[in-house]
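The lines below spell out each chain.
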Amino acid sequence: MSESNSTIEQVTPEQAIQNSNDGKYDAVIVGSGISGAIAAKELTSRGYQVLVLEAAPAKSLSYDGFKEYVSNYYVNASKDNNAPYPDNPNAPMPRSTDVRKLCLGQMDTQGYMVQNGPLALDSTYTRVTGGTTMHWEAKILRMLPDDFKIKTHYGVGLDWPISYDDLMPFYRMAEREIGVSANVEEQGFYGLKYEPGYVYPMHGLPASYLDQVVGKGIDGAEFELAGEVHTVKVRPFPQGRNGIPNADYQNGAGFNPVGAVGAVQSEQGGRCQGNNNCVPICPVQAKYDARKTLYSAAQTGNLDFLPQTVASKVFVDGCTDQVSHIEFKHYTKPSSPEHTTGNITAKTFILATNAVENARLMLASDLPSSSGLMGKNLMDHTYLLAWGLLPEAAGTMRGTKCTSGIADFRYGQSRAKQAPFGVDIHNDGWGWATGSPFSDIEELVDTENKFGKALRQSTVERISNQLLFAYMVEQPADESNRITVDPEYTDALGNMRPIVNYNLSDYSKAGIAYARETSKVFFQRLGAQDFSSYSLLDYGSFNYQGESYYFRGGNHFSGTHVMGTSAKNSVVNEYQQSWDHSNLYLIGSGSMPSIGTSNTTLTLAALCFKTTEHILAHLSSYPVNVVADDAFKLAKGAR
Amino acid sequence: MNERIINTIDDLYQMLDAAIQLEHATIPPYLTALYSIHPETNLEATAVIRAVLVEEMLHMTLSANVLNALGRHPNVLSEGFMPSFPTYLPDGERDFQVSIAAFTPETLETFLNIERPSKPPKNTSSTCPNGCIARANHARFHLDAIKPLKSPTYSFYSIGDFYDAIIEGIKFLEAQARECGETIFIGDLKYQVSNKYYYSGGGEVIEVTDEKSAIAALNLIKEQGEGKAELGEDTENQEFDSEGELSHYYRFKQLQFGRYYQKGDRPSNPTGAKFEVDFSKVYPIKTNPKLSDFAENPTLLKAAKDFNHSYHEFLGIINDAFSGHQNLLLGAVCDMFRLKEFASQLIRNPISIEPNIHAGPTFEIDASSRDSLNDKVGQTCVHKERA
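Here the protein sequences come in this chain order: V and C. Per the UniProt record's numbering, the very first residue in the first sequence carries number 1; after that it's consecutive. Per the UniProt record's numbering, the very first residue in the second sequence carries number 1; after that it's consecutive.
If you are wondering where the hints come from, they were derived from the structure by calculation, not from laboratory data. Any given hint could turn out to be false.
To be verified - From the structure, some residues in chain C lie toward chain V, with a derived Cβ separation under 8 Å:
1) Glu40
2) Leu43
3) Ala47
4) Ala51
5) Lys196
6) Tyr199
7) Ser200
8) Gly202
9) Val333
To be verified - Within a straight-line C-alpha distance of at most 25 Å, the following computed SDA-like cross-link-like pairs (lysine to any residue) qualify:
10) C/Lys196 to V/Asn275
11) C/Lys190 to V/Asn256
12) C/Lys340 to C/Met57
13) C/Lys340 to V/Ala454
All values reported here derive from a predicted model rather than from experimental measurement. Note that the Cβ used here is the ideal one computed from N, Cα and C, for glycine as well.
Please work from the sequences and hints to get the whole structure.
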């Protein structure tokens, strides 16, 4: 039925402009990813009128449109993070497949993100409705309390202006919105604390058989580091995907998992089924994505949704320093750059694109912030991969992507000298490192001359023994890692593209090198054959103390509009409110001064709840608008 | 005559056993049609068949909950539980056969027949109980559900009539028990399948503890299956049930129109989004395949036996889940993936050198299907209960 085809009613640019001129909008939100969707839901559910501008088409809001993404993924030869999502020259996105090894002093302008080096960064984000949560892995960790004060405690990076305790109530809200599956008793370590009696909305997902094999081998391994002993224990990760609801949630109120969006006639997604392609798309929508939140915002009737509309410039009133309006470019089809331009105004402006795009838009609007920090302090998690073959079949390839890992190197005094890291045990084998299972088939056919039944059998044997550790290494803030723009590099609509300058410090490299050493110990204890090799020709190749390594980006862009205690040391305050323009909020991981060793989504979602609480208090101070009768009729007619 | 069909608790047990059998009987045809569609084609048809299929699974579970609430476990491994295809299901005056077959226009027509909401003919013979008629071809109906208490002469007119008889029986027997200060709902709550383990399967499962919840469960089955619609009166809004869901009949009807219904539509004229149904993007399965069809082809024969064995084992898991081990439903998800894999091996391969006829699952479940599986494929699914 038609509900299943258009879950959210859309407005036209003309209607949006008319509504804007009539003073309808309490807030305009740029971007429909998790930050934009949460802000939209929080404001609309309290009766405020919100316009969301989304750069991409609204296709994924229908069940059929979503299924097309899944089909794209199945048929696409490349299985990278953005494989399901079609090219859109009007709102392009970075793809890891665009990245090549940089030559010293040369820019690579092939991909959407211009790489200015010295190291090439293959991190991506997804510019579709629902944003990067469409492709995210949905491991959903809180940051450690220690992570908020790394400058004070270890003399590296930046401190937050707020603490873990300040964020605790907002973490709970984020865990409810995303629908997190975890057992609280398995999570309280290294200072992580929860309110007494707290339980996650859903029970933890079961650990994979591979996790159990690895745990049996390496649990109890001891490492001495900076005078402290780190004892290894394989632990399950909290997951942003549906599991068994916990009847004790919210004092016995329970939790109702949110399934597939728009699947009116084909109910799905109530629980994770263990498909192993969570990244780049969960075929049954058991994994959380921001469309679920956006959909409930639309149910309030207070949301206007305008897709295919790229915010192109932010305008500031010279007298008041307030944002006066946002200019947008609306296109009718992705294949053509033809577009119309319009202006939108509102009481509050919320940029929720992501750390790269928020900074790109502000810099393209010539608003580098009075601190000069817009686009600077770019951080990402740096990944080192280590892969080996276990002596026995361990059920590799049974999903989800990653169910357990090691948290025992995330903390400690060594943080003064080398970057801390978390470790993921990958249930999808060597895929990330070698392109397995496709590369396995190539090798078995080309070099071992296998075919038919023998090929099938060897493929199974080879893949079910694969083990890959992904080490997620913290990167502290560094102003020289940054996003800039240059009118020379633009997209199809004439919007300036982001230019990334990226390097790894010796602090990061020391962490990576230590990570590699632990992998050797793990493989040894597991009796696994170490297959890790780091080619000098790899685009992420670097050298540290005579050893070669390569790194991969973690897709956790952050820090580009960092929050702090004053307009001098930061772009936004603890509410993600611009110091320079009080009716402007830059929300998302761009505000984070440090990212610790936690995937950024839960923390940025928690920040978003904190911010919307602040915006709501601000909006409620406005006098109620009395709309003139004729203006009301006009607005009504325009709808 | 117009008398009550269920008069003793044993009558009620028998009718609920039959209900579970009836709900299951539609699963093999729907499953086969669904799997016959080429992957990533006919997205809308796939979604519609799947949606109906999972609701049949819900109905089976709801019926099991009612039976368990009465203090008796279902037995889906009993002799004759799996119909022999082609088989007859009740459909008013004009009976028809249900087959294991590919998704074709004819198959779609059969699905519409299965789900067609029926109105008993006005001249129903007065010698039959409520909701029943005497049929000339009575002997050909194999399913117990169709013949009230195995009656040799009359049968239910529609599935709705069948459930009405059960509801009537529950009301009668519970009222009788109450007079003695007792209840027929003596089952232990621990046997009720709950939403903790049952999910994404056509709606919320209802835990049955008393007359009220039993009737709610049975009404949900009736309503989802037939909707509130009565065919032939082209009035507005009759396709949707009280929760705004389309009945099965109209869900399938959309596939004939190539267009979705939306609220306010007349049955003859859906006005929602259009889509294409491409019957050429379907594997041409032999209709009602039997193991004997694969005698010349050992690989297919083995795959067909593997499928039957796995299906048999799967029914065993369902049996255990309905007998207090509902946590087994977690692992059953993996088993469903395995069934699909075995079915696909058959469906995607021609039977002989004739490329236009493909193999398919035979659903011949009996004692012989139990012990035919090569142990290599029987890897157990790793799962762990976290209660």
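Quick one: which hint numbers does this structure break? Sort them smallest to largest.
-> Violated hints: none; all satisfied.
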